[in-house]
Amino acid sequence: MKISVRTRGESFAFDCAAGEKILQAGLRAGFGLPFECGSGTCGTCKAELGDGELDQGWPEAPGRAYVKAERSEFLMCQASPRSDCSIGVRSKVEALPDDVPVPNARSGQIMKMETLTHDVCRIEVSIDKPTSFNAGQFMLVSAEAVVGQRAYSMANYAATTDSLTFVIKQVSDGGFTDWLFAADRTGIDLELFGPLGVATYAPTLPNNLVCIAGGSGLTPMLSILDHAIQAGHFNTYVGDLFFGVRTERDIYLLNQLKEFATKAPEKLGITVVLSDTAPSAELSAAHPELQFDEGFVHEATMRHMVGRWENVMTYLAGPPPMVDATLRALVMEAKLAPAAIRYDKFS
Amino acid sequence: MNWQQVCTTDDIDEDELEEFEVGEITVLVANAGGEFFAYPPQCPHQETPLSLGMIDGDTLTCIKHLWQWNLKTGEMRDIAESPVLLYDVKVEDGAVLVNLEKELKYDYQ
Chain P
1 MKISVRTRGE SFAFDCAAGE KILQAGLRAG FGLPFECGSG TCGTCKAELG
51 DGELDQGWPE APGRAYVKAE RSEFLMCQAS PRSDCSIGVR SKVEALPDDV
101 PVPNARSGQI MKMETLTHDV CRIEVSIDKP TSFNAGQFML VSAEAVVGQR
151 AYSMANYAAT TDSLTFVIKQ VSDGGFTDWL FAADRTGIDL ELFGPLGVAT
201 YAPTLPNNLV CIAGGSGLTP MLSILDHAIQ AGHFNTYVGD LFFGVRTERD
251 IYLLNQLKEF ATKAPEKLGI TVVLSDTAPS AELSAAHPEL QFDEGFVHEA
301 TMRHMVGRWE NVMTYLAGPP PMVDATLRAL VMEAKLAPAA IRYDKFS
Chain D
348 MNWQQVCTTD DIDEDELEEF EVGEITVLVA NAGGEFFAYP PQCPHQETPL
398 SLGMIDGDTL TCIKHLWQWN LKTGEMRDIA ESPVLLYDVK VEDGAVLVNL
448 EKELKYDYQ
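For the record, the sequence lines run as chains P and D.
If you're matching positions, the first sequence starts at 1 in my numbering and goes up one per residue.
If you're matching positions, the second sequence starts at 348 in my numbering and goes up one per residue.
No wet-lab data here; the hints were simulated from the structure.
No residue lacks a Cβ here, since even glycine has one placed at the ideal position from N, Cα and C.
Possibly wrong hints are sitting among the right ones.
As the list claims (entries may be wrong) - Derived pair list, reagent style DSS-like, types lysine-lysine, alpha-carbon separation capped at 27 Å:
| id | chain 1 | residue 1 | chain 2 | residue 2 |
| --- | --- | --- | --- | --- |
| 1 | P | Lys-112 | P | Lys-68 |
| 2 | D | Lys-437 | D | Lys-449 |
| 3 | D | Lys-452 | D | Lys-437 |
| 4 | P | Lys-169 | P | Lys-258 |
| 5 | D | Lys-449 | P | Lys-68 |
| 6 | P | Lys-92 | D | Lys-437 |
| 7 | P | Lys-112 | P | Lys-129 |
| 8 | D | Lys-419 | D | Lys-437 |
| 9 | P | Lys-169 | P | Lys-92 |
| 10 | D | Lys-419 | P | Lys-335 |
| 11 | P | Lys-68 | D | Lys-452 |
As the list claims (entries may be wrong) - Selected chain P positions facing chain D (Cβ under 7 Å, derived; list incomplete):
| id | residue |
| --- | --- |
| 12 | Pro-320 |
| 13 | Asp-324 |
| 14 | Val-331 |
| 15 | Leu-336 |
| 16 | Pro-338 |
Throw the hints in and build the complete structure from the sequences for me.
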């Protein structure tokens, strides 16, 4: 089916298969339609229906709160066409830049599932076609047993790969993660769409790196640091990772963090920050390659980075309150320019 | 002109933003170092409440995508792609008065 799009001052069209989401069809065709979460939460991808008929998709999508039905608005990430459609999009739409891999649909299978903490697991997914992505990007992931899609960042990096690693935190909302954590899902098929997301690393960046992560927001940082180490970034520049969790039992992948620190000695500092308890002496003694601190991760970042905010590129991921508190600190205290801060806003 | 009292100068801490309702109109008022400015309540980008924004000197920043403006003139800074609109404001005897002759709105289309 044909989707005709009218935006500020331009119009274009692309094909959309039956059952395919309009957002995904447009992105796949190379049009930079507006979106952020791509999974029904943020409302950024809303558009206005002119002619034609839609299947609106996931009825409980939280992003519907931003949609005005009286203006025929709908979420492009949820809706599929039932006929040829004409739609209006309010933001500017530009062709995807050349250095960004064009997103597409992939079929995958969970090859390995591993428990990391009481509420975090890691899955390795093999995909049907080798895929390129930029470190820091995410995929929309869905399983037949669960309605809707969830956005998960890749935790690994390779220039082209048919194996993606995701680190996933259980959020008890009856959705994807409750299903995933209920049993060993090794061998289960997944549908994926991507890569997506703008908070990416490229080895050409002439900057020191600052990565600030809360909880499962560590995942894209693992990919970014993996790529940066592979690319020799820390031969020239320094890096800092601040990883915030509540308590010691919420820390995961300490061995991988230690491996990163060991590969870039004196250049890459890694600090684990506990918000609810002081780190124990045993923890610090067992992991001399890492630093430990107490408090909110944005506060610890400000303390450790005093006088070191020149020439940085900052990456940020985590729960929305953590992201907002950190953005505030980066703008108001660190005085960073917006262009020096990269994050994907999911809410 | 239709000058309406929106708040008093004591209602907003320095370098903070507050929303006020005046009849049908919602107005966002900034206290920037003791000077007062008034705007429509939402970011010109995506209807995010600008009351969640930040004031640093004469720069106003939206929390969502860090669009920035000169808060005195509405001019774009850095990565912003649209200006913010300003109401005329005057302060008399501690009252912040805003000219609400016409509600300012962004054309999100």
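Status of each hint after checking the structure:
{"no.": "1", "hint": "P/Lys-112 to P/Lys-68", "result": "violated (43 Å)"}
{"no.": "2", "hint": "D/Lys-437 to D/Lys-449", "result": "holds (16 Å)"}
{"no.": "3", "hint": "D/Lys-452 to D/Lys-437", "result": "holds (21 Å)"}
{"no.": "4", "hint": "P/Lys-169 to P/Lys-258", "result": "holds (21 Å)"}
{"no.": "5", "hint": "D/Lys-449 to P/Lys-68", "result": "holds (24 Å)"}
{"no.": "6", "hint": "P/Lys-92 to D/Lys-437", "result": "violated (36 Å)"}
{"no.": "7", "hint": "P/Lys-112 to P/Lys-129", "result": "holds (18 Å)"}
{"no.": "8", "hint": "D/Lys-419 to D/Lys-437", "result": "holds (13 Å)"}
{"no.": "9", "hint": "P/Lys-169 to P/Lys-92", "result": "violated (34 Å)"}
{"no.": "10", "hint": "D/Lys-419 to P/Lys-335", "result": "holds (19 Å)"}
{"no.": "11", "hint": "P/Lys-68 to D/Lys-452", "result": "holds (17 Å)"}
{"no.": "12", "hint": "Pro-320", "result": "violated (10 Å)"}
{"no.": "13", "hint": "Asp-324", "result": "holds (6 Å)"}
{"no.": "14", "hint": "Val-331", "result": "holds (5 Å)"}
{"no.": "15", "hint": "Leu-336", "result": "violated (9 Å)"}
{"no.": "16", "hint": "Pro-338", "result": "holds (4 Å)"}
Violation of the numbered hints given earlier is confined to hints 1, 6, 9, 12, 15; the remaining hints are satisfied by the structure.
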